[in-house]
Amino acid sequence: MPKWFTPAAILCGLMFVISPVLIARAPDESSMGMVYKIYYYHMPSAWMFLLAPLVCGVSSALFLARGRAEDDRRAWSAAELTVLFGVITLVTGPLWARRSWGTWWIWDARITASLVGWMIAWSYLIVRKYGGPGSDKLASGLAIFGMANVPFIYISVNFWRTIHPATTVVPKLPVDMSWRLWFCVTMFTLLYVLLLRLRVHLEQQRARVDALYVALEA
Amino acid sequence: MTLFRRVVLLVMLAFTSPAVPAFVSAQQPTEQQGQFVPAESLPQREQMPAAPLLISAYAFVMLVLFAYVISLSRRIGAVKADIGRLESDMKRGNRS
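Same order as they appear, the protein sequences are chains A and B.
Under this note's numbering, the first residue of the first sequence is numbered 42, with each subsequent residue one higher.
Under this note's numbering, the first residue of the second sequence is numbered 10, with each subsequent residue one higher.
It should be emphasised that the hints constitute simulated quantities derived from the structure, not laboratory data.
Just so we're clear, the structure is a prediction, and the values are computed from it rather than from any experiment.
Ideal Cβ positions, reconstructed from N, Cα and C, are used throughout, including at glycine.
One or more of the hints may lead you astray.
[As the list claims (entries may be wrong)] Some, not all, of what chain A presents toward chain B, calculated at C-beta under 10 Å:
| no. | residue |
| --- | --- |
| 1 | Gly173 |
| 2 | Asp177 |
| 3 | Phe186 |
| 4 | Ala207 |
| 5 | Val210 |
| 6 | Leu236 |
Let the sequences and hints guide you as you build the complete structure.
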């Protein structure tokens, strides 16, 4: 593992310990009360849920173009993180919505597209696990579709009628709320980078096992 | 009364029922938020029902992340054990 990994992991752990205290001291929102505080974890995890399929799609496109195993390993790792951050986003969102909208779920463009993106990431992992020979390239195609879904998820709240907060919420946040949000965004980005590095490391070790088996057979 | 007339009557009844406006208004989404405004002070009774949802959300995030990190470290541990075993097999093979 690289030298920066351990200090970054300690820093990330400390940020996760501090963040609930910072969030508890944040002011309540006028129309939603304290339940809006789910936002401080929901929004950064949703951003990672958008970043992960982008990394997965770009790495898959590079793998299809260049055929380098390193790109494929990064794509596979990013697909797993898409599922991870997707489940966080898709569970914390309804918990917030239940109190502020009066319903767990609405089939609006953003939430439906997010669910579709999450299912594309699952299908990538299923194809990789059970697809047999050639599944790496088949899954890469799926990853490119997953990446194409990302801009649609992001802009959908500005184009279609929905009660989901618009993208203008973040730039208009008061200072008391915004610095706490950016703290959580930094924390989740750091966590994403660490988990991606760790997951890629797992794939590298698996490749080493395969190479050792080949060497033993020879 | 024919079947057609019964269906027409049922449809008319359904649309003139007092429950319909309430149902339709329940389906109308409230206005989309474009800005969050901090509240000066909220009554305690409004804060209470939100607490279980808020705590559940944070507990869920921590639990999922913890489970994923544990799963990842276990998988890495298993692969490293495989590497150790294979390398020792190779060394034994080279000696013999």
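For each hint, the structure was consulted:
no.: 1; hint: Gly173; result: violated, 21 Å
no.: 2; hint: Asp177; result: violated, 19 Å
no.: 3; hint: Phe186; result: violated, 24 Å
no.: 4; hint: Ala207; result: holds, 5 Å
no.: 5; hint: Val210; result: holds, 6 Å
no.: 6; hint: Leu236; result: holds, 7 Å
Checked against the numbered hints above, the structure breaks hints 1, 2 and 3 and satisfies the rest.
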